Amino acid sequence: MKRVMIAVALCLAGCHDGEEGGRSAQAESLALDVDIRETAEARLERDGDSLRVRLTLSRGFGVAEDGAVLTGAGTVERFPEADVTLFAAQLSSPPVASGPCGAEPVSLALALHRRGSARRVAGSLTPYCGSGVWSGVPARNPLRLSSSAPKEE
Amino acid sequence: MKRLTSLAAAALATALAWPCAAQEKFALGLFHFNLQYVAGGMLGFWALPNAELDLESDAIEDLIVTESFSPVIDLYAKHPTWGVDIELQGYFLDVLAARHPQVLEKLRTLAKSGQIDVVSFHYSDQLFIGYPAESWKRSQALTQATFAKYDVPLSRTVFCQEGQAGEGLPGHMAELGYRTMVWPKNLWTYQHGDQPAQPLYGFGDLFAVQGGRGASSAEVELTWTFLDDGELLATGDLNPYFPDVFRHKPEAVKQYEDELLALESQGFAIVTVDQYVGAIKDKVPHPPMPPLLDGTWQPKSTTGVLRWLGGKGIWPGERDNEVRSLGALAQRELSAAETAAKSAKLDARAELDAAWRLLFLGQVTDASGINPFRGEVEYGIAHCTEALRVARDVIRRAKSAAGESEVTIDPASGTMTPGATAELRGTTVDAPLELAIDAGDREVTTGWEEIEAGHHRVEITFGVGASTKARVSFPGTLEDELFTTRALVDDSLATYRRSDFSFESFQLALPAGLVSLGKQRFLIKDQARVHLAAKITRESGTIEILDETLPPDETATWVFHLFDGTPEQALALARSVNVTRRVSR
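Chains as they are written, first to last, in the numbering used here: chain P, 1 to 153; chain B, 1001 to 1585.
Bound conformation, chain B alone (with noise of 0.2 Å):
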């Protein structure tokens, strides 16, 4: 959401249709900043090497914190009475001490005067809706470990990158101390329409409040000052991707600072979300949200989280299915590794971590969208090939250390078993549905193999061509209930009904792989095979596939399941495909 150019007016029109004296005022800023803007640095962005351009990815994070970050830390020092949302990776704050320890200082003491709400529930700005839980975990215990370990108080309020909004993150947060979701207010209007705002909801047993959305009750009036990118304000919109100009813009601060001060002079606090929770909870209602899938904060321009996921950006060299399906890949070899580390009584945490964290570093959102240049995509490339490396060579070591050449790991069970066990694969059979296939001027083959009664899983090979675009249709039964999982949310389903959104179609990021195409059967793509985002529409049962981003000279091949049984037993399969795969080593 870009910042409101008039907020005095538009706070004074709110003001007018509730003249309660009682009523209270509050304003609200959050300003996210993402070290990965420009994942990887600058180099190669541009065709021809120019040294003012091509920065490494030192000098670009060095410039979004001394040109974006310290001014806008520097502007809630000189107003002791001002609160702020600040949301940052945990990454952000080992630079932070590696390369700027002053500026770090400055906002551990703002932080701990309760002024600045550090706020932070990723460790990296990774796709977390579009992998199962573990990545995250490890991720979300990194980010915990790292604020202890700068003395940076954490704060109760949650926004992630990208807007990345779920139903399923409230049972995580009340246990790691989180209270409050900044739910983006366009990711919710996608769904249900542009109605007023309630000034809190309840989320669980949480709270959550439409982020960017101002509301107004005969209690309260919020009206919200930033909820962008935080990279944009000191710089007067201008972003990383352009190094030589984007630098501190006084005037553009100063402006931002004119209109606070307009608003404190009408009365409005400027405070955290978590000071304004504090402030209204126990005054207004707190209804329970609507259901909300997951998905990211502008779904309009992106088509939802497709463009992470299967749609392309503006610049040539995206390919988000190698991307997405690599660090699919990669997380369950370290799910793997883990076991097999533990079965052979083998110490392998330290490298194990650091895996984990080359892992969500490489699982980022920029490497596949909005507009990833080759450099991004190839920083989640290089991050989850590395992970991938690790996990391998502990597995090797955990082997060598039980005395085996050959095993089965099955991290669902947490055993290591001498020899091979069967894949997932089965005997050729007929297709048991016809699938709509689009991929221009490239030569499609389907192999259909059956593994059990009712369990079919289905190759889609795509040859090469000049076509960067491949759409796959699964026929589908309308029902107005559809079963998938939540984010975050591997060992349980969820069940949404189309009639509850406004929508005509949403996509979806499949954490677990699994989503119904009717009442007893179900799709679950195997991610390290395609990880792309699955379309639903409220009028169809039919679940559409799209990749925007292949290579034009390289063959594709997607891997899909499709099972008749109940959703349960859709949930297990899903999950043992891509949670918990056992396998041969």
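Next comes chain P alone, as it looks inside the complex (with noise of 0.2 Å):
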């Protein structure tokens, strides 16, 4: 029920960000499931195909910390014999000490990918130890970014 009361507090948050419900051409904020139980608000700002991104966890999962508020850089990228957009963006968190990466930073690779225009994002946040490390065996499984409802379109 918590994970619900949250998922709506923020679905609510992005419904500010102006037209479509949340969407406009160079803004939409986000409301993402997290492995299903936690979440996330992500807020991707356009620029033709630049992207930055805001991502809010309210979970760490031992790569960043709790309620981190992570900012990075990314880039839209489209598949249009698939009709699909991709939102990649590079992330950054300090050390977590308890975690996999130990004493080392992690790099945070955001990948959401959206079919059409459909409002439902998935994807990834996917761990690699060490600053500005954005491939490899990842640290950890991917975490798993969905949006939370609704989903109607």
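Hints are computed from structural coordinates only; laboratory data are not their basis.
Note that the coordinates shown come from a computational prediction; the quantities given were computed from them, not determined experimentally.
Using N, Cα and C, we set each Cβ at its ideal position, and we do this for glycine too.
Mixed in with the good hints, there may be bad ones.
[Claimed, not checked] Quick list of the computed label-pair ranges, beta carbon to beta carbon: (1) S1467/B to V76/P: 30 to 38 Å; (2) P80/P to P1432/B: 22 to 30 Å; (3) A1098/B to Q26/P: 40 to 48 Å; (4) K1149/B to Q26/P: 42 to 50 Å; (5) E1481/B to P100/P: 48 to 56 Å.
[Stated by the list, open to error] Here are some, though not all, of the chain B residues that point toward chain P, as calculated from beta-carbon distances under 10 Å: (6) G1041; (7) L1043; (8) F1045; (9) P1049; (10) L1326; (11) E1333; (12) A1354; (13) A1355; (14) R1374; (15) C1384; (16) P1551.
From the two separate chains plus the hints, produce the assembled complex.
This is the structure we're talking about:
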């Protein structure tokens, strides 16, 4: 129940963004579930194919602090033949001593895909140990991100 | 297959049928272990949080090792004259090395002594019969490297996740050093009925045995003691979805041990599949196998491969088409990224290898079947999306290295050239054939385009609705011959005759997207838009595509190509759509 309430609250926050129920050509706020039980709020600001992301995590899963606010830059990637858009961004977290990266900072790759004009996005936040590390064997399984309700289009 | 409960009695009955003193007796056991049994862990499985049940992936993996895997290894360590096959994905060894080194050491010792044959054909328990071969090739290479890295001998025997099997496998097996395919008995009988098994079959230039099915001849008596999820034996048939009770039950192992002791006392040699084949191959005939279509090990209960490609399980939150089409898109993009990096002389080997690894983890079977819960669905989506991100990042860097802002990447020719190329689109036309579509309360629109003479593209859009089911039937002409491609062989056609089979219908994964609707007409699914099973029937040329996992309040759009021409031309088109897709980036 707590999770549902947080999701609703985050969605309502997102709905203040303007046209189309929280989406506009330049910015949108997304209420996300993280590994089902937890939540995140993502703020995506687009400028052409460039992207600025602000991600607030309810729980850090050992790769960020609980409640961490992560920011970073990225790109909007299009796959016209599949009618898919990918929002990709590079975020960073200071070391989390109790996590899999120990004393190392954590690079967190955000990847969210969207089909056509659907509201739903889904994807991952993948942690890599070290600063500026954006590939390799992740420090743990990618965190699973997907749109929280409502999902109607 | 469930372990036989009265092995001794069954073996005795068979022995009486062949009282020849020269008859050799063998008992085989193959334990299929899957570290991705609950892909991504149990978080969110139950509606309400529960610390005892909400275990993350590592904790579930550890339970599989300590409660189910280790006890089986220990059983065989206790009986040095017994042999057994342990099947696992390459990833399993990485986890053993990282968190259970003593178990790995024990496994290595027993593998080197020849007592345990460690069987592995893929790094991840991926649905390899449903994708172009490249993903499996990379997975297989990583498996070989992983076994070498940990100095564990890799068996010459092949058995796969969900019992996936196909006639295209021997071409790869031979060159990779494999010798024997264990073909699941139910995938055999589903296609040809319940006939007595031979002790050994020819499989191309290699060998095959019917997994789980005993055989008897004047020379050989074969019985199977186990062919099932290995996780179930030592835990008394409990599985890791119940982590609070998924525990080693010594009495369950003891019962199995007693059964093997009884067989041994009857003169059965308890051996590995490879030892069995080595012992009998020069003593018995090995007739060729009948024609067999690709599939999985329990086709009756899973409706073949449908359960992973459109068929619903028991939990809400399943979305087969999103999972599988995203896997296909990411695979295409990685192929394009390979081409782009090579063309631009960009050293991205490490990034691409890591992305392939993520991809075949994401293509895990359990993300869309048998009964995936939301966490497993999203495990697949998360891994594939990250693979897609890395692939696109490599392409971006390759373009930059080449000094280009827009390129066409053609994996077929291995080129990256400046400028964009037109997509596979055409001009709007009337429907060249009438589709039968049933999507419940959803509004359906279809749009046909002609790309060139004899080549149409159709886009079928399902509006939002309560129905989670959509079915599209493409009318075809009934011909005995059916053209498609086999798993792991994307570059040649496979021809089957419907009259060679006893089934009424069969579900095909279409790894290259291609199946015939008649002698000169073909259906090609665009796997990045629709990746669902194709149902063929013996008595009709119609192909049916079904999704029972449409999320209620989301739209869906499926894209197919309809092609009139020769089978060879159709194969070339299917490859260009799904295997080596040319993309503008």
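Subject >> Pairwise beta carbon distance, K1149/B to Q26/P, judged against the given window 42 to 50 Å >> reply: holds (48 Å)
Original post:
How about A1355/B: closest beta carbon in chain P under 10 Å, or not?
Top reply: holds (7 Å)
Subject >> Cut-off 10 Å, beta-carbon criterion: hint that R1374/B touches chain P >> reply: holds (6 Å)
**OP:** Please verify that hint: G1041/B, Cβ, nearest Cβ of chain P, below 10 Å or not.
**Re:** At 8 Å from the nearest chain P Cβ, G1041/B passes the 10 Å test, so the hint holds.
Original post:
Does the CB of F1045/B sit less than 10 Å away from some CB of chain P?
Top reply: At about 8 Å, which falls below the 10 Å cut-off, the nearest Cβ of chain P leaves the hint on F1045/B intact, so it holds.
Subject >> Cut-off 10 Å, beta-carbon criterion: hint that A1354/B touches chain P >> reply: holds (5 Å)
Original post:
Minimum Cβ distance from L1326/B to chain P below 10 Å?
Top reply: For L1326/B, the interface hint holds, since the closest Cβ of chain P sits about 7 Å away, which is under 10 Å.
Original post:
Would you say the C-beta atoms of E1481/B and P100/P sit inside 48 to 56 Å of each other?
Top reply: holds (55 Å)
Subject >> chain P contact restraint for E1333/B - C-beta distance below 10 Å >> reply: holds (7 Å)
**OP:** Check the following: the C-beta atoms of A1098/B and Q26/P are separated by a distance inside 40 to 48 Å.
**Re:** Distance hint for A1098/B, Q26/P holds at roughly 44 Å.
Original post:
Has the hinted range 30 to 38 Å been met by the Cβ atoms of S1467/B and V76/P?
Top reply: holds (32 Å)
**OP:** Evaluate the given range 22 to 30 Å for the C-beta pair formed by P80/P and P1432/B.
**Re:** Distance hint for P80/P, P1432/B holds at roughly 25 Å.
When held up to the earlier numbered hints, the structure conflicts with none and fits them all.
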